[in-house]
Amino acid sequence: MIAKKTLLALLILFLTPCFARGEEKISVKDPWVRQNPPGTSVTAAYMVMENLTASAEELVRVSCSCSSEASLHLTETRDGSMTMKKVASIEIPPGASLALAPGGYHVMLTGLSDDIGKTAVLELQFRSGMRISVKASVLGPQDAKKRESHHH
Amino acid sequence: MRRYFLPSVALLSLAVVWLVVWGFLRTDKERFYGDEFRRPAFDFSLTDHANREFALSDHKGKVILLNFGFTNCPDICPITLGMLGEVLDIVKDDRVLALFITVDPERDTVAKLGEYIPFFHDHIVGLTGSQREIKRVNDACGTFYSKEKEVSEDDYVVSHSPAVYLIGPGGEMTLRYPKDKLDPKRIAEDVKSLLL
Chain L
580 MIAKKTLLAL LILFLTPCFA RGEEKISVKD PWVRQNPPGT SVTAAYMVME NLTASAEELV
640 RVSCSCSSEA SLHLTETRDG SMTMKKVASI EIPPGASLAL APGGYHVMLT GLSDDIGKTA
700 VLELQFRSGM RISVKASVLG PQDAKKRESH HH
Chain S
49 MRRYFLPSVA LLSLAVVWLV VWGFLRTDKE RFYGDEFRRP AFDFSLTDHA NREFALSDHK
109 GKVILLNFGF TNCPDICPIT LGMLGEVLDI VKDDRVLALF ITVDPERDTV AKLGEYIPFF
169 HDHIVGLTGS QREIKRVNDA CGTFYSKEKE VSEDDYVVSH SPAVYLIGPG GEMTLRYPKD
229 KLDPKRIAED VKSLLL
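Sequences listed follow chains L and S, in order.
Note that this note's numbering has the first sequence beginning at 580, numbered continuously upward.
Note that this note's numbering has the second sequence beginning at 49, numbered continuously upward.
Just chain S, same shape as in the assembly:
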């Protein structure tokens, strides 16, 4: 009996250590639904769809969900906006903001966004501004946009990132949701855990 005692204790403690390490690695890896996308804090200044100045640095302490698009986009932008509206409805907290930044400031004026945005949700903020400032936000997200003339001679679409980016309460880029990770319920869980 005694000769089994030591090996048993050793094996058991090894199992415990392994479980703790495994558990730790696992929870760290699966803490968020979104992909880890850590970038330092940055700032931008744009105009919202009610014609007010919007600076990112004025919204510290909030969780911000940001996406790019344009109002003439028939397929993907309305889907993402509908999804963001759902996240806002699930979280129901003033400390979360959903931003739609146009990549087509030539056509998407403040007035145009003012008509378009409230169709999806009362609390989504539509933003427009100079090409320089819009490019700065794209750069911070590591993405780009460009005009594509493939639709017709006098019309164009603007290719852009379909992802949603999450900026944490400290103003730093934290998570990225690629186009196959746009489940509103699970994004809402990430937002809630960051607001705690």
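Extracted from the complex, chain L is given alone in its bound form:
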């Protein structure tokens, strides 16, 4: 009897991490929003997403508490000129990490008020139906520089 209970307890103990892992299918690290300069109503949000599932996930929609609209964009160079294009979705292969970072993929936020405060909530929506809410720090030029220096 005791042996049976111990076995059950052990089974639960070993299985628990599987369930816990299953809850967090995509981990979002270091989300931040660039503070919009005065007089402007656009800015960008960045983060690193890690896909912990066994299948590809696709980010299809983002909304932000700080803006009226949000869309997925890619900054790219065409014939020596820099431009941005809208992308329908951003795929993250299974087990891979994908960075939304300055000069590459980013969430373009439009329709911002002059002072968006210190934090903003980003809601990410994936093709699979998964939704993740993250709290992002709003960073002014000095703090943004520290994050950007990794990408130079």
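Just so you know, the hints here were simulated from the structure itself, not pulled from any lab data.
Worth double-checking, as some hints may not be accurate.
Unchecked claim - PhoX-like, lysine-lysine: derived pairs with alpha carbons at most 20 angstroms apart: (1) Lys608(L) to Lys725(L); (2) Lys195(S) to Lys665(L); (3) Lys229(S) to Lys724(L); (4) Lys714(L) to Lys604(L); (5) Lys724(L) to Lys233(S); (6) Lys195(S) to Lys183(S); (7) Lys140(S) to Lys233(S); (8) Lys725(L) to Lys227(S); (9) Lys229(S) to Lys725(L); (10) Lys240(S) to Lys229(S); (11) Lys110(S) to Lys233(S); (12) Lys714(L) to Lys584(L); (13) Lys664(L) to Lys197(S); (14) Lys697(L) to Lys714(L); (15) Lys664(L) to Lys140(S); (16) Lys140(S) to Lys108(S); (17) Lys197(S) to Lys665(L); (18) Lys697(L) to Lys725(L); (19) Lys195(S) to Lys664(L); (20) Lys227(S) to Lys724(L); (21) Lys140(S) to Lys724(L); (22) Lys240(S) to Lys108(S); (23) Lys140(S) to Lys240(S); (24) Lys725(L) to Lys233(S); (25) Lys608(L) to Lys697(L); (26) Lys724(L) to Lys697(L).
Once you've looked at the hints, dock chain S against the given chain L.
Relative to the frame of chain L, chain S by itself:
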């Protein structure tokens, strides 16, 4: 012993000559971090963000760092402006000027630039003006800009060169920093060496 003397001297002098030539070529090639981009002196006349006339020819003797952008640019322009602010903080010399020239003069009025520019640094100069004059500066830099309507129907972005251009104290275009060469510390070194 004697029969080794002459060949040794010859070999040694050859080594010395080779070292001198190699050293010379090397230092010449690596004198600057920025890419050599020599073009003759040119001039332009625009309006700064405090509504004053700004002519390039009024700033001879200074080192000028110039970049293009627009205030509605969410990603790349703020990064470059932050970087230029850092260069100014490292160099700390009145003989260096950082210019942000808008490629979207329709929306980027003097008032708009007046709000936007000081957010990044007190000493960056924002410039706007006629399309003709802005195009002239782009031509001198060998670059172009154009409106892209891909964002939405009523909004647009302006594609433009992400590079920073350096104009030497004589008013001539000297160096170009493409987007993978925007390290403020190393740009500051180039600026300092040109101010000596």
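Which numbered hints are broken by the structure, listed smallest first?
The structure breaks hints 12, 15; every other hint is satisfied.
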